[in-house]
Amino acid sequence: MATLKELSKVPERLVGGHRLCAGCGHGVATRMVLNAVEENEHVVVGCATGCLEVATTIYPFTAWNCSFIHSAFENAGATISGVEAAYRALKKKGKLTENFKFIAFGGDGGTYDIGLQSLSGAMERGHNIVYVCLDNEAYMNTGIQRSSATPIGADTTTSPAGKVIPGKQQPRKDLTAIMAAHNIPYVGQAALSNWQDLYKKAKKAVEVEGPAFLNILSPCPRGWRYNTPEIMEISKLAVETRFWPLYEVEDGKWKLNYKPKKYVPIEEFLKPQGRFKHLFKPGNEHVIKAIQEDVDRRWLALLERCGETPELPPR
Amino acid sequence: MKTRVALTGNEAVAHAMKQVNPDVVAAYPITPQTEIVQIFSSFVSNGQVDTEFVAVESEHSAMSAAIGAAAAGARAMTATSSQGLALMFEMVYIASSMRLPIVFPVVNRALSGPINIHCDHSDAMGLRDSGVIQLFSENAQEAYDNIIQAFRIAEHPDVRLPVMVNLDGFITSHAMDVLEVLDDETVKNFVGEYKPEDFLLNAKNPISMGNLDLYDFYFEHRRQQTAAMEAAKDVIKEVGKEFAKISGREYGLLEKYHLDDAQLAVVVLNSAAGTAKGTCDELRKKGLKVGVLKPRVYRPFPHEEIKEALKNVKVIAVLDRAETFSTNGGPMFQEIRNTLYDLKGDIKVVNYIYGLGGRDLLVEHVEKVYNDLFDLKDGKSLNTVNYLGLRE
Chain A
1 MATLKELSKV
11 PERLVGGHRL
21 CAGCGHGVAT
31 RMVLNAVEEN
41 EHVVVGCATG
51 CLEVATTIYP
61 FTAWNCSFIH
71 SAFENAGATI
81 SGVEAAYRAL
91 KKKGKLTENF
101 KFIAFGGDGG
111 TYDIGLQSLS
121 GAMERGHNIV
131 YVCLDNEAYM
141 NTGIQRSSAT
151 PIGADTTTSP
161 AGKVIPGKQQ
171 PRKDLTAIMA
181 AHNIPYVGQA
191 ALSNWQDLYK
201 KAKKAVEVEG
211 PAFLNILSPC
221 PRGWRYNTPE
231 IMEISKLAVE
241 TRFWPLYEVE
251 DGKWKLNYKP
261 KKYVPIEEFL
271 KPQGRFKHLF
281 KPGNEHVIKA
291 IQEDVDRRWL
301 ALLERCGETP
311 ELPPR
Chain B
1 MKTRVALTGN
11 EAVAHAMKQV
21 NPDVVAAYPI
31 TPQTEIVQIF
41 SSFVSNGQVD
51 TEFVAVESEH
61 SAMSAAIGAA
71 AAGARAMTAT
81 SSQGLALMFE
91 MVYIASSMRL
101 PIVFPVVNRA
111 LSGPINIHCD
121 HSDAMGLRDS
131 GVIQLFSENA
141 QEAYDNIIQA
151 FRIAEHPDVR
161 LPVMVNLDGF
171 ITSHAMDVLE
181 VLDDETVKNF
191 VGEYKPEDFL
201 LNAKNPISMG
211 NLDLYDFYFE
221 HRRQQTAAME
231 AAKDVIKEVG
241 KEFAKISGRE
251 YGLLEKYHLD
261 DAQLAVVVLN
271 SAAGTAKGTC
281 DELRKKGLKV
291 GVLKPRVYRP
301 FPHEEIKEAL
311 KNVKVIAVLD
321 RAETFSTNGG
331 PMFQEIRNTL
341 YDLKGDIKVV
351 NYIYGLGGRD
361 LLVEHVEKVY
371 NDLFDLKDGK
381 SLNTVNYLGL
391 RE
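Top line first, the protein sequences correspond to chains A and B. Here the working numbering is used: the first residue of the first sequence is 1, the next is one more, and so on. Here the working numbering is used: the first residue of the second sequence is 1, the next is one more, and so on.
If we strip away everything but chain A, and leave its shape as in the complex, we get:
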């Protein structure tokens, strides 16, 4: 396992000069995943339409030192499939000698929602690709509209906290489990704050033969409305409150990667974020309660799947 110091010396494939917001998780996650590809190997990055794409490839510039392709919003899975199929064909015909890895990135919009079919198809067909969802829990690129990854209670521009409805009403889709149900060799859920865990998962995803999926929680300062420098604190709170558990599914075997030592109530994660501010007004206590119940229920189910005793951390 490389140290952070060693990783900082690896030549970057996504370089500075891109226009991602300060305090955005996408750049951190993308660079960490790409660091997991050996230096002597080549990469083709695929990308769904979204923040990462618009911020890194404004013609005639590019922030990518490796090959990069974006074609549309809902088809990063299919597009990278085609690139990988071309690689196999050209290798077979002896027209290519170098080794390549294929990694597609999409936001939760391009992955949980509009691109789910394309992703599902790519995974089922068994392409040797990694698909990374940079989940910032809403359509941030178009101005913070709700997605199926948006948690209960969040205030977005299409699930606004109003006088009658206090933000999004529905629980998040469990995309990581959906991807595990594809019976692919590797599925991992990771967070920026636990960088070693993230790096290990990226390494496994890149090196496994066949399709791999990573779901990375990527905080968004604009959409979540936290104090920009506190991105890693926010990420850590998501993990400690069990809002975003770290686990992996390797060849069908579920494994929990991190168990918080004590019960941290969900309020700790919600409080620093503007998108949940309305929940702390009198009358909305039931929403926080619903979020907590949802988190606890999912945690117990996850522990069972991982073969652990289904119990909540000590309070």
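Think of the hints as simulated: they come from the structure by calculation, not from any bench. Where is the CB? At the ideal position from N, CA and C, for every residue including glycine. Any given hint could be a false lead.
Covered stretches of chain B (in silico footprint by chain A; criterion: 3 or more residues with CB under 8 angstroms from a CB of chain A, positions within the stretch not fixed) [unchecked claim]:
hint: 1; segment: 20-29
hint: 2; segment: 48-55
hint: 3; segment: 66-79
hint: 4; segment: 87-95
hint: 5; segment: 204-213
Given chain A, put chain B in place with the hints provided.
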């Protein structure tokens, strides 16, 4: 070596694909294209081609994967019909703007709704402004020949655009036809090796493709696509001439049938051109000066050649197998009439919409059209837009 064989249009297309042996085929089955995918899959599973076949979950993904493969530096294909083409609409525009030489047969079928599986050209016409080259095929022979030539056109450095090869659903795709096929080696040599200039799998020179292109460059890039379309006209003609050397069949932008001394002409695409030519022959036997113009290339639109071909004709009927719902006639009618405006002559042009949803175009229908044109020439009045074989 040439061999005469009996094949359906779909079999002829699949045979051409086998001989071209593309690197990647990504396709999804849809009536009436399905057989192409099935037959080609059997070529893959029997080791008759080296192709990576990507059995995608939709046509949107079919064109997306073809885009990924072509961008990666491979020779890539897909194939579809009707709703499939409608579903890949978005990606067809992107394929042409990324200047990827993807070749894809479209077995023409009516668009829903109501749902209908039979032939018309509403699918292809929906993509006429997408920046792809559109070739039309009267029969299985032309479909076979067009597929082979399409690669040379698409991959030409002055062009670099996708090529859609159209053939009529069921009429051409499923009917057994006699055609002449070339031997594998001849096709292989004619098509040649694909050598892309910039591509994703070039380890020495990585590239970013599909960048965000705003008001400072988008307009220029769009203009370059039009320039490529313009250049494609000469390339299509050159490739057609070269193809004649190996096949004995020369192709241009359009086919003129008895037009030299014609007073009346019918303009029509694809299989219905056969019916029109047959009718024309019968009328010629009676000494009537009638002709047929069959555009082979619809995009780029061969306006100069059409003008030249029709300049001495007095009365013209354009037959459209698609509606625009503009209340001003079908798509080809509008473009032909627009083209002839420059001649400033006394040319009368009328439109007939025919064959929607697979309704047959009969010889008697074409006879009626010619009779109408004679009447129009003699000063009788006629609607500008008419319907053939329709109950009203």
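- Task: Output the numbers, in ascending order, of every earlier hint that fails for this structure.
- Result: none
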